[in-house]
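*Asks:* Now for the letters of each chain:
There are 2 protein chains.
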Amino acid sequence: MQRGFEQHEYEGRLKAAQTLMQNAGLGALLLSTEPDVRYFTGYLTRFWESPSRPWFLIVPASGKPVAVIPSIGAALMAQTWIDDIRTWRAPDPQDDGVSLLTDTLNSLTSGAVGTPMGYESHLRMPLGDWARVQAGLRARVRDDAGIMARLRSVKSPAEIAKIANSCDIAARAFARVPQIADVGVPLSKVFRDFQRLCLEEGADWVPYLACASAQGGYRDVISPASDVPLAAGDVLMLDTGLVHDGYFCDYDRNFAVGAPTAHVASAHARLIEAVDAAVDIARAGTTAAQLFHAMDRIVTGGQGGSDAGRLGHGLGMQLTEGLSLIPQDHTVLEPGMVITLEPGIETAPGKMLVHEEDIFITNGEPRFLSPRASAAMVVL
Amino acid sequence: MQRGFEQHEYEGRLKAAQTLMQNAGLGALLLSTEPDVRYFTGYLTRFWESPSRPWFLIVPASGKPVAVIPSIGAALMAQTWIDDIRTWRAPDPQDDGVSLLTDTLNSLTSGAVGTPMGYESHLRMPLGDWARVQAGLRARVRDDAGIMARLRSVKSPAEIAKIANSCDIAARAFARVPQIADVGVPLSKVFRDFQRLCLEEGADWVPYLACASAQGGYRDVISPASDVPLAAGDVLMLDTGLVHDGYFCDYDRNFAVGAPTAHVASAHARLIEAVDAAVDIARAGTTAAQLFHAMDRIVTGGQGGSDAGRLGHGLGMQLTEGLSLIPQDHTVLEPGMVITLEPGIETAPGKMLVHEEDIFITNGEPRFLSPRASAAMVVL
Numbered sequence: 616m617q618r619g620f621e622q623h624e625y626e627g628r629l630k631a632a633q634t635l636m637q638n639a640g641l642g643a644l645l646l647s648t649e650p651d652v653r654y655f656t657g658y659l660t661r662f663w664e665s666p667s668r669p670w671f672l673i674v675p676a677s678g679k680p681v682a683v684i685p686s687i688g689a690a691l692m693a694q695t696w697i698d699d700i701r702t703w704r705a706p707d708p709q710d711d712g713v714s715l716l717t718d719t720l721n722s723l724t725s726g727a728v729g730t731p732m733g734y735e736s737h738l739r740m741p742l743g744d745w746a747r748v749q750a751g752l753r754a755r756v757r758d759d760a761g762i763m764a765r766l767r768s769v770k771s772p773a774e775i776a777k778i779a780n781s782c783d784i785a786a787r788a789f790a791r792v793p794q795i796a797d798v799g800v801p802l803s804k805v806f807r808d809f810q811r812l813c814l815e816e817g818a819d820w821v822p823y824l825a826c827a828s829a830q831g832g833y834r835d836v837i838s839p840a841s842d843v844p845l846a847a848g849d850v851l852m853l854d855t856g857l858v859h860d861g862y863f864c865d866y867d868r869n870f871a872v873g874a875p876t877a878h879v880a881s882a883h884a885r886l887i888e889a890v891d892a893a894v895d896i897a898r899a900g901t902t903a904a905q906l907f908h909a910m911d912r913i914v915t916g917g918q919g920g921s922d923a924g925r926l927g928h929g930l931g932m933q934l935t936e937g938l939s940l941i942p943q944d945h946t947v948l949e950p951g952m953v954i955t956l957e958p959g960i961e962t963a964p965g966k967m968l969v970h971e972e973d974i975f976i977t978n979g980e981p982r983f984l985s986p987r988a989s990a991a992m993v994v995l
Numbered sequence: 616m617q618r619g620f621e622q623h624e625y626e627g628r629l630k631a632a633q634t635l636m637q638n639a640g641l642g643a644l645l646l647s648t649e650p651d652v653r654y655f656t657g658y659l660t661r662f663w664e665s666p667s668r669p670w671f672l673i674v675p676a677s678g679k680p681v682a683v684i685p686s687i688g689a690a691l692m693a694q695t696w697i698d699d700i701r702t703w704r705a706p707d708p709q710d711d712g713v714s715l716l717t718d719t720l721n722s723l724t725s726g727a728v729g730t731p732m733g734y735e736s737h738l739r740m741p742l743g744d745w746a747r748v749q750a751g752l753r754a755r756v757r758d759d760a761g762i763m764a765r766l767r768s769v770k771s772p773a774e775i776a777k778i779a780n781s782c783d784i785a786a787r788a789f790a791r792v793p794q795i796a797d798v799g800v801p802l803s804k805v806f807r808d809f810q811r812l813c814l815e816e817g818a819d820w821v822p823y824l825a826c827a828s829a830q831g832g833y834r835d836v837i838s839p840a841s842d843v844p845l846a847a848g849d850v851l852m853l854d855t856g857l858v859h860d861g862y863f864c865d866y867d868r869n870f871a872v873g874a875p876t877a878h879v880a881s882a883h884a885r886l887i888e889a890v891d892a893a894v895d896i897a898r899a900g901t902t903a904a905q906l907f908h909a910m911d912r913i914v915t916g917g918q919g920g921s922d923a924g925r926l927g928h929g930l931g932m933q934l935t936e937g938l939s940l941i942p943q944d945h946t947v948l949e950p951g952m953v954i955t956l957e958p959g960i961e962t963a964p965g966k967m968l969v970h971e972e973d974i975f976i977t978n979g980e981p982r983f984l985s986p987r988a989s990a991a992m993v994v995l
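Protein sequence lines, in the order shown, are assigned to chains A and B.
For any residue, its number in my numbering is found by taking its place in the first sequence, counting from 1, and adding 615.
For any residue, its number in my numbering is found by taking its place in the second sequence, counting from 1, and adding 615.
Rather than coming from a laboratory, the hints here were simulated on the basis of the structure.
Treat the hints with care, since some could be wrong.
As the list makes no split between identical chains, a pair holds if one copy fits it or if it spans any two.
[Unchecked claim] Listed below are the simulated EDC-like cross-link pairs for lysine to aspartate or glutamate, each with C-alpha atoms no more than 20 Å apart in a straight line:
1. Lys-679 - Glu-621
2. Lys-804 - Glu-815
3. Lys-804 - Glu-816
4. Lys-804 - Asp-783
None of these values were measured; they are calculated from a predicted model.
Here chain A stands alone, though its shape is the one from the complex (with noise of 0.2 Å):
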């Protein structure tokens, strides 16, 4: 698979947004965060794990975007279609890119600076820098109106063959798990040996992971591993996020440890009908609260929620983003959407099961991206 996009991908989002932007009388988009920028530009570097710098993109209302970085990325983001590139060495005490940043939004535009304030958003700079920034415009600053979470959620094919080739290499590397678990096992060691496998099959880097094994169930889906060795009876669930070309999937697998009992298989086996029954309705037109209430009738009986929060979500630069399977979300769903079904089951007070795929949202059909698990669990 090619690295990064083809220009004309940029360049098509680009007009998107600024269209978005006309219509909410918004002189430019400023944007802050990883994957914002990545969006416009393609920059890619694994650099902003580093909370030491502040980065910037500038999206005027016409012409191309213009970056306002620390001088480090200078070169690497010359590397992309960005050609408007201003620079200041940071880390600066006295002036850590406010100057640069006021000036070149002054420059750009009069109109209203949009920045994402909404669902999931962040403004990834000191707040003390950010009043310094805006004291200094000349522009009033608002709510991006939504665009950047609009922009992303629908995928170009382009980018679903992104997050297919990261739910392939996820599929290689949960088809190995028999080669590193087994009664005895510490469930850290599962937890490395299987980031290990992603890397093997592919994966660039592996950004999340999280594992649980426990006997009946587990208690959460949010852990890291402890050092307790698997044992029969146990349920292994692994859940991965890892990343190819800058593109998440998103899925888990349960692995039997021995024979399930039956209540397991069966809690196993209602997940994956909860499943079956929201690809059923997955099409253009439903909302993501009728995805919620396919799954729910069938994990709860339609009680309306759980504690988890939500049974899927959108997915894409990000491990999770936009839309959430939840009873209060009624976005309709469109072809290019890429979505998690995710259903929990209670199997006991206080422990579940958890089932996971990605899919993706057509003129007809949805389209599985990680490979559908059948009701039988697979037993190691």
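Given the coordinates of chain A, assemble chain B onto it according to the supplied hints.
*Replies:* Below, chain B alone, put in the same frame as chain A:
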């Protein structure tokens, strides 16, 4: 190595925070980022990779911290020493923790609420929700007066032991680089395989890796890997930030692919000489700026800076944190500070070598956490 810390470690952190809060006139601290929340709780999960849910910790003027978190995290937070855990079912489009956070803050203090607003900080929640919280607070919100940065800058012996362990894991992985890197191997394969080595040697996960391989020096130190095969005459650089039990190492190694040219060998020796010069003066009482100048004299003849921005930084719960080795940072070194020494040298226009070591400051000579490299490069 035992995971986590004894409870008295957290009690000490809390007591120190509350003393500083009293001096600063703060009625509560509001924290929203992974390391700040973990600093007082030990709450460790990779689930922060998902941007969908905000998490909060409140440190009151007296008494234990209070967690205000999504219900999906309650079971894991209950494993820590925190016992006041208030939850909501996130995501909630109508009220995503806003009223719970506001009410909790109002119940805990009528004094000023401090939150990190300075260098290296950000607020991990939507700006729109932040405005709603502020509107509902009885108390005024202001900067945390640098309390979090101050607390985290000096590590306890237990923290240093964890960083040392991460450095040891990386050392074992670096020692195995000859197993994975040779002429003809694509850099992207080395990049994946080195992460695998880190995991095999005991890393929990590998949040950061940069690498480069090029003739006579490389363009930058933040790029991910290309598919270009290693060639004789290349310098291969691997810079890793792996994690064990929530603490990072951050250092690199340079390898000569085939015998290095005299020019490259000499440049590498100068980097080691620069590290030596910094180590010679890295004592309690020395400033960050003095360490910078000691190295800068050797690598540039004293030009006073480069586009990389700094010649080292603090290290701990994050890949980079705290002080910067730059001319403008006059932070005074104290025993317990863990820093990297990271001089870079230009080998040709647009090409460089960077070497990095991790040390900590004591009452006497600094101690190396990474295995001190010799002037001679390792030849592959």
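*Asks:* Please go over all the hints and tell whether each is borne out by the structure.
*Replies:* Results for each hint:
no.	hint	verdict
1	Lys-679 - Glu-621	within (15 Å within a copy, 53 Å between copies)
2	Lys-804 - Glu-815	both (16 Å within a copy, 9 Å between copies)
3	Lys-804 - Glu-816	both (18 Å within a copy, 11 Å between copies)
4	Lys-804 - Asp-783	between (23 Å within a copy, 18 Å between copies)
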